[in-house]
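Participant: What follows is each chain in one-letter form.
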Amino acid sequence: MDHTIICRCEEVTLEDINNTAEKYGCSARELKLRTRAGMGYCGGRTCRPAVDAVVQEATGEEPGNNLPLKVQPPVRPTSLATLGGQHQS
Amino acid sequence: MNQNRIIDHPVLGHLENKTPVTFTFDGKTYEGYEGDTVASALLANGIRQLRVHEESGSTRGIYCNIGHCFECRMTIDQTPGVRACLTELTPEMVVESGKVQPTPFSQPEDMPQTYADFTEKHTDNKEGDPNA
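Protein chains in written order, with our numbering: chain A, 1219 to 1307; chain B, 193 to 324.
If you're looking for bench data, these hints aren't it; they were derived computationally from the structure. Here a beta-carbon is modelled for each residue, glycine too, at the ideal position from N, C-alpha and C. Hints may contain errors.
Ranges of calculated distance between the beta carbons of each label pair, as one might list FRET restraints [what the hints assert, rightly or not]:
| hint | chain 1 | residue 1 | chain 2 | residue 2 | range |
| --- | --- | --- | --- | --- | --- |
| 1 | B | Thr-315 | A | Lys-1241 | 21 to 27 Å |
| 2 | B | Gln-270 | A | Arg-1294 | 36 to 42 Å |
| 3 | B | Asn-237 | A | Arg-1294 | 27 to 33 Å |
Which chain B residues stay away from chain A? Per the calculated CB distances, all over 10 Å, these [what the hints assert, rightly or not]:
| hint | residue |
| --- | --- |
| 4 | Asn-209 |
| 5 | Ile-254 |
| 6 | Gln-293 |
| 7 | Thr-295 |
Here chain A stands alone, though its shape is the one from the complex (with noise of 0.2 Å):
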């Protein structure tokens, strides 16, 4: 159960989650901060709601928007290529 997957972009399982609240006691940014979880590849659009779960069972802090785990925009992940003008069909 505990290397169950949370974060699948950066790897990042239940067990590293739990593991690095405990070592550090940190708030639920920090905790994303250190493991990466919801940072990878997919902007955090696909565990997001895994993520918020977990880190608030791990350090008791309420999931919101004050001091965000948050979803930036774009919409989906944009290469530098694309925003540059680059056409991309």
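Following the hints, position chain B against chain A.
Facilitator: What follows is chain B alone, placed relative to chain A:
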């Protein structure tokens, strides 16, 4: 190869009426049908591993299959990071799986977490010290 496909589908029709197209995956030639996505064509050919995790090398395949999770990203016609589940197969398409990337830096556990850690680790190292 057709054993992984639905031969006769009430909506999609008969498989026999589809136009076959060939494409290459990691240098080997495979056959799919027009209208396939890259992911579905590979799945029909029995290939479930589309890439490996860039750092750990653990295997990855189709996960959400709706273009949401980017787990099926591959290099298609020299463009990296293309989602196989959303990309329609075209004739002579060149598909490459995701590989492990080099990790030139040491593991985070070896790295100093604070400046105090850093000075402790590098007490003997006087390189760049103006007083040395």
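Participant: Please verify that the nearest CB of chain A lies beyond 10 Å from Ile-254(B)'s CB.
Facilitator: Holds, because the least Cβ-Cβ distance between Ile-254(B) and chain A comes to about 12 Å, which exceeds 10 Å.
Participant: Verify the CB-CB distance for Gln-270(B) and Arg-1294(A) against the hinted window 36 to 42 Å.
Facilitator: Given a distance of about 21 Å, which is not inside 36 to 42 Å, the answer is violated.
Participant: Hey, is Asn-209(B) genuinely clear of chain A, shortest beta carbon separation above 10 Å?
Facilitator: Consistent with the label, Asn-209(B) stays out of reach of chain A, its closest Cβ about 28 Å off (over 10 Å).
Participant: Quick one: work out the minimum CB distance from Gln-293(B) to chain A and report holds if it exceeds 10 Å, violated otherwise.
Facilitator: holds (12 Å)
Participant: A cut-off of 10 Å on Cβ-Cβ distance, and Thr-295(B) was said to be off the interface with chain A. Does that hold?
Facilitator: holds (13 Å)
Participant: Can the suggested window of 27 to 33 Å be confirmed for the beta-carbon pair Asn-237(B) and Arg-1294(A)?
Facilitator: holds (28 Å)
Participant: Kindly confirm whether 21 to 27 Å is satisfied by the beta carbon distance between Thr-315(B) and Lys-1241(A).
Facilitator: Given about 25 Å between the Cβ atoms, the range holds.
Figure legend: structure checked against the earlier numbered hints; the only hint not met is number 2.
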